[in-house]
Amino acid sequence: MKYELVELETLSGNCATIYAVIVDNEESTLFDQFLQGHLAIFSKEIEEIYQTVSIIGHETGARQDFFKEREGKPGDGVCALYDKENSSLRLYCIRYGTVAIVLGGGAVKPKATRAWQDDPKLKHQAELMIKISADIMKRIRDKEINWSRDGRHLIGLGVFEIE
Amino acid sequence: MARKYSSEILNEMMNRISPITKMEVSIKMRLASRIQDLIVEKGWTKSEFALKVNKQPSEITKWLSGTHTFTMDTICEIAVDLDVSFNELIQSNETVIKQYVSICASPQSQPKTNECISPVGDFSNNF
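Chains as they are written, first to last, in the working numbering: chain A, 1 to 163; chain B, 1 to 127.
Keep in mind that the hints were calculated from the coordinates and are not lab data. Hints should not be assumed to be uniformly reliable.
[As the list claims (entries may be wrong)] EDC-like, lysine to aspartate or glutamate: derived pairs with alpha carbons at most 20 Å apart:
hint	chain 1	residue 1	chain 2	residue 2
1	B	K46	A	E26
2	B	K62	B	E24
3	A	K111	A	E85
4	A	K123	A	E9
5	B	K4	A	D119
6	A	K121	A	E7
7	B	K22	A	E9
8	B	K22	A	D83
9	A	K84	B	E59
10	B	K4	A	D150
11	A	K131	A	D119
12	B	K62	A	E69
13	A	K109	A	E69
14	A	K131	A	D142
15	B	K4	A	E7
16	A	K68	B	E59
17	B	K22	A	E59
18	B	K52	B	D83
[To be verified] Under 8 Å between C-beta atoms, here's a sample of chain A residues computed to sit facing chain B:
hint	residue
19	N25
20	T29
21	L154
For glycine and all other residues, C-beta sits at the position ideal for the given N, C-alpha and C.
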């Protein structure tokens, strides 16, 4: 699988850099597909999610309380944007402190589902982010990817292949 | 650095969201951030704050999530428990709230539904 991190210009700001993922040279990011796929039926929730990400980038940073942590493996940073009990959608991300997030994809949260492992669409999106997070961490350890001097941007990004 | 990216759907989202939705999300997140900062300033954990305000820790998690709609009563209680004035609690929101109240109050923007029944709907009377 190939993936590329791109910076979302309009959502990134002084408080956090917002990245999204393009998988296997597709035309759009996983976040675009999440928005597109759910806008018609869940317009209010999609608008609120979009605006939440914008506020994270421009006003508050990626505070821990805005996310549901431990969606992935311990310490891999994979989380979900905090969703209220009665909300229908879940969006997966990787959070790097308060300064950067990588938006993944998401799916509808079926009411009967307690864990993402129990729903195939959520499972697919969560597992994708877990793989990507692990690969980014490895490349940071190997110094292929680094943090910028101001600590807010990832440097050395390109199209990467996960075996 | 990553290449910059924009798309039709992202541009559509930017243009379609109403000023009221933008402000509602902003106020909730800023207020949550402010409460969290004040808890840290006090040197409390979230559990200690929960005991102080006589709530379950899960309720505090919701408060700090940036998605919670606070009532005016709850904001006042939190201010008292954090030993700050109402204005100090909402200070980062003050400009946003004034704009929000003026949008809600203007005849052209009178909502057809109960959009303004969030706490700041009453704020104009007390401000």
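Worksheet item: Taken at face value, is the distance from the CA of B:E24 to the CA of B:K62 at most 20 Å?
Response: holds, 16 Å
Worksheet item: Is the hinted pair A:K131 and A:D142 satisfied, with a Cα-Cα distance of at most 20 Å?
Response: With Cα atoms ~17 Å apart, A:K131 and A:D142 stay inside 20 Å; holds.
Worksheet item: Under the criterion that the straight-line Cα-Cα distance not exceed 20 Å, is the pair B:K46, A:E26 satisfied?
Response: violated, 42 Å
Worksheet item: Hey, A:K111 versus A:E85, does the alpha-carbon distance stay inside 20 Å?
Response: holds, 9 Å
Worksheet item: Would the pair B:K22 and A:E59 pass a check requiring their Cα atoms to be no farther apart than 20 Å?
Response: holds, 12 Å
Discussion item. Hint check: A:K131 vs A:D119, CA-CA at most 20 Å. Holds or violated?
Written reply: holds, 18 Å
Worksheet entry | 20 Å Cα cutoff - pair B:K62, A:E69 | holds, 14 Å
Discussion item. So if I understand the rule, the pair passes when the alpha-carbon distance is 20 Å or less; does A:K68 with B:E59 pass?
Written reply: holds, 14 Å
Worksheet item: Straight-line Cα separation of B:K4 and A:D150 no greater than 20 Å?
Response: holds, 18 Å
Discussion item. So if I understand the rule, the pair passes when the alpha-carbon distance is 20 Å or less; does B:K4 with A:E7 pass?
Written reply: This hinted pair holds, its Cα atoms lying about 5 Å apart.
Worksheet item: Holds or violated: is there a CB of chain B closer than 8 Å to the CB of A:N25?
Response: Violated. Min distance 13 Å.
Discussion item. For B:K22 and A:E9, compute the direct alpha-carbon distance and say whether it is at most 20 Å.
Written reply: holds, 18 Å
Violation of the numbered hints given earlier is confined to hints 1, 4, 5, 6, 19; the remaining hints are satisfied by the structure.
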